[in-house]
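These are the residues of each chain, in order.
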Amino acid sequence: MDITIARPELVVEGSGTGSGRRWDIFLQLNFCIPMAVLVLLIVAAAFATQVSPYDPLQTSLSQRLQPPAFAGGTAGHVLGTDKLGRDVLSRIIFGARVSLSVSLLVILITATIGTSLGILGGYLGGFVDALLMRITDISLAFPFILLGFLLAVTLGPSVTTVVLAISVLGWAPYARLIRGEVLKLRNADFVLQARIIGCSPLRIMLTHIFPNIVNPLLILSTLSVGLIILVESALSYLGAGVPPPTATWGSMVSDGRGLIDTAWWISFFPGLAIGMVVLSGNFLGDWLRDRLDPRLRQI
Amino acid sequence: MGRQLIIRLIQMAVSLLGMSLLIFVLVRASGDPVDLMRTSTSTDEEIANIRAQWGLDKSYPEQYWVFVSGLAHGDLGSSLIQRRPVTTMIGEALPNSVSLSVLAFVLGIGLALVLGVLAATRRDTWLDNGVKFLAILGQALPGFWVAIVAIYIFSVQFRLLPTSGVGGPANYVLPVLTLAFFLMPGMLRLVRSSMLDVLGSEYVKLARIKGLPERTVIWKHALRNALIAPLTAAGAIFAGLITGAVILENVFAWPGVGRLLVTAVSGRDFPVVQGITIMVAVVVLLINLLVDIAYAYVDPRIRF
Numbered sequence: 000m001d002i003t004i005a006r007p008e009l010v011v012e013g014s015g016t017g018s019g020r021r022w023d024i025f026l027q028l029n030f031c032i033p034m035a036v037l038v039l040l041i042v043a044a045a046f047a048t049q050v051s052p053y054d055p056l057q058t059s060l061s062q063r064l065q066p067p068a069f070a071g072g073t074a075g076h077v078l079g080t081d082k083l084g085r086d087v088l089s090r091i092i093f094g095a096r097v098s099l100s101v102s103l104l105v106i107l108i109t110a111t112i113g114t115s116l117g118i119l120g121g122y123l124g125g126f127v128d129a130l131l132m133r134i135t136d137i138s139l140a141f142p143f144i145l146l147g148f149l150l151a152v153t154l155g156p157s158v159t160t161v162v163l164a165i166s167v168l169g170w171a172p173y174a175r176l177i178r179g180e181v182l183k184l185r186n187a188d189f190v191l192q193a194r195i196i197g198c199s200p201l202r203i204m205l206t207h208i209f210p211n212i213v214n215p216l217l218i219l220s221t222l223s224v225g226l227i228i229l230v231e232s233a234l235s236y237l238g239a240g241v242p243p244p245t246a247t248w249g250s251m252v253s254d255g256r257g258l259i260d261t262a263w264w265i266s267f268f269p270g271l272a273i274g275m276v277v278l279s280g281n282f283l284g285d286w287l288r289d290r291l292d293p294r295l296r297q298i
Numbered sequence: 000m001g002r003q004l005i006i007r008l009i010q011m012a013v014s015l016l017g018m019s020l021l022i023f024v025l026v027r028a029s030g031d032p033v034d035l036m037r038t039s040t041s042t043d044e045e046i047a048n049i050r051a052q053w054g055l056d057k058s059y060p061e062q063y064w065v066f067v068s069g070l071a072h073g074d075l076g077s078s079l080i081q082r083r084p085v086t087t088m089i090g091e092a093l094p095n096s097v098s099l100s101v102l103a104f105v106l107g108i109g110l111a112l113v114l115g116v117l118a119a120t121r122r123d124t125w126l127d128n129g130v131k132f133l134a135i136l137g138q139a140l141p142g143f144w145v146a147i148v149a150i151y152i153f154s155v156q157f158r159l160l161p162t163s164g165v166g167g168p169a170n171y172v173l174p175v176l177t178l179a180f181f182l183m184p185g186m187l188r189l190v191r192s193s194m195l196d197v198l199g200s201e202y203v204k205l206a207r208i209k210g211l212p213e214r215t216v217i218w219k220h221a222l223r224n225a226l227i228a229p230l231t232a233a234g235a236i237f238a239g240l241i242t243g244a245v246i247l248e249n250v251f252a253w254p255g256v257g258r259l260l261v262t263a264v265s266g267r268d269f270p271v272v273q274g275i276t277i278m279v280a281v282v283v284l285l286i287n288l289l290v291d292i293a294y295a296y297v298d299p300r301i302r303f
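From first to last, the protein sequence lines are chains A and B.
First residue of the first sequence: 0, per numbering that gives the first Met the number 0; consecutive thereafter.
First residue of the second sequence: 0, per numbering that gives the first Met the number 0; consecutive thereafter.
Hints were generated in silico from the structure; no laboratory data involved.
Glycine included, C-beta positions come from ideal geometry on N, C-alpha and C.
Be aware that one or more of the hints could be misleading.
Label pairs and their calculated CB-CB ranges [unchecked claim]: (1) B:F132 to A:C31: 44 to 54 Å; (2) B:R207 to A:V77: 56 to 66 Å; (3) B:R207 to A:D188: 53 to 63 Å; (4) B:P94 to A:R194: 51 to 61 Å; (5) B:A51 to A:Q49: 53 to 63 Å.
Same shape as in the complex, but just chain A (with noise of 0.2 Å):
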């Protein structure tokens, strides 16, 4: 009995213990319903060629512009047409593809080279602290469009340069939130005795300090899948993206652009794809943190 009332945070936490508790999760409409979405995003994205109805490619001259199988057209487009002919949700499913593998790229990209840079500058401190927290300022200040845009024109619009393109920028956060979790941790016990036996600082940055960041780090991963994306569309919507005839949600969107009085479809479904997906990455983040690390309001 003594026990439980010592470690109230036991009882607060979980409601069950087992199986039990494991099967909450899927009680929690927060939880699932944004998981739900992003399990589609990877079906669709992993199954593309066996899911969608036609090629995503294929032009059809006499099937222009239909409309969605709800607004008078027929049921085998069901979300329509665009101007060439090519069917909307065949494409959505396929921008998917571009969606997800930007995104996770440039989350492993970012996140290792922005925790890295937030450990060395928190543990170290001094000189290289200051020089990396003055770059990461001026990083997080900078358009990251205008980057984008700077790449597309030297090197090409291509996938490669979309990722670059994100990650040149994107470490910015992780270094900043790491640094300040390893700011908390440095002269924390177990650190101060690691030092005193003797372990080396990449020893100890590496197997003392990590495995203490990796739940911010997660919880920062979570939510920036919906800036990625956004971002990623965003470049591609403006034409400094994944190129054409490749199908991605941004350039769908800016191919309906000049038909918005005729063909409302063309732009409309892409960028509801785009809002349901970065609402559920920023939604399960959310709920990610408060299950983690309710103290990281501010991220």
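Following the hints, complete the assembly by docking chain B onto the known chain A.
Leaving out everything else, chain B in the frame of chain A:
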């Protein structure tokens, strides 16, 4: 303060130099700019002439010196397509961008302040939830899509407003509103959470105990202190304003710098893209300097 200001100015100069070096290297790393102009009929002699004309036959340090000294004189080079100085082209487009951005900034930040304070003081009411919902939506929906949907509703369906371009005051309504909506959510969240922190503080309790009217407590004592946290994010908010303006100028065919930039990107007009990037970089660094100064001014506890 004076000494610190000088240090910050030197830092700024170093940042600019670093950025110019980065851009210079980027251009050269991406291959010979003349290659972009090469056609099937161009002879080697022609190419050599163009290279000499652009100074590309000089050594890299020499080329960099020419580039940087040009920058120092405010010379951003000439457009490859329009054959006009980049500074002139920016000068023509800038007033349109500034008028759009300033209006959207005032509206977006003003709304964020009012709604953020109202939401924080009426926590967990329908108003708070509505404001939170608005912020969540604003952060998730892509700005260009919101703009297109707005065009569809107000210009195509109800025929109330022009779809694009400049002209009368009616042309401002949709671009300004959508840019403000793009800008508002980030600031709104910051103001709300910062205001919640401040409302729980001792000096707000004291102001209430003293018997000050609630309006004075909230809008004077609390808000002034709650603004310190959003001020640190001013750099990021400014970056957001530029990003949003670039995107929305293109949706609304608004003849500003953002439109110029995107046209230049599709035409691979490198000097224009480079010139605009450098100009924005200077403005970004200046804004950050001003924010640092304003920060020390608003919060006297902070000394550089």
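Going down the list of hints, with the structure as the test:
no.	hint	result
1	B:F132 to A:C31: 44 to 54 Å	violated (20 Å)
2	B:R207 to A:V77: 56 to 66 Å	holds (59 Å)
3	B:R207 to A:D188: 53 to 63 Å	violated (41 Å)
4	B:P94 to A:R194: 51 to 61 Å	holds (59 Å)
5	B:A51 to A:Q49: 53 to 63 Å	holds (57 Å)
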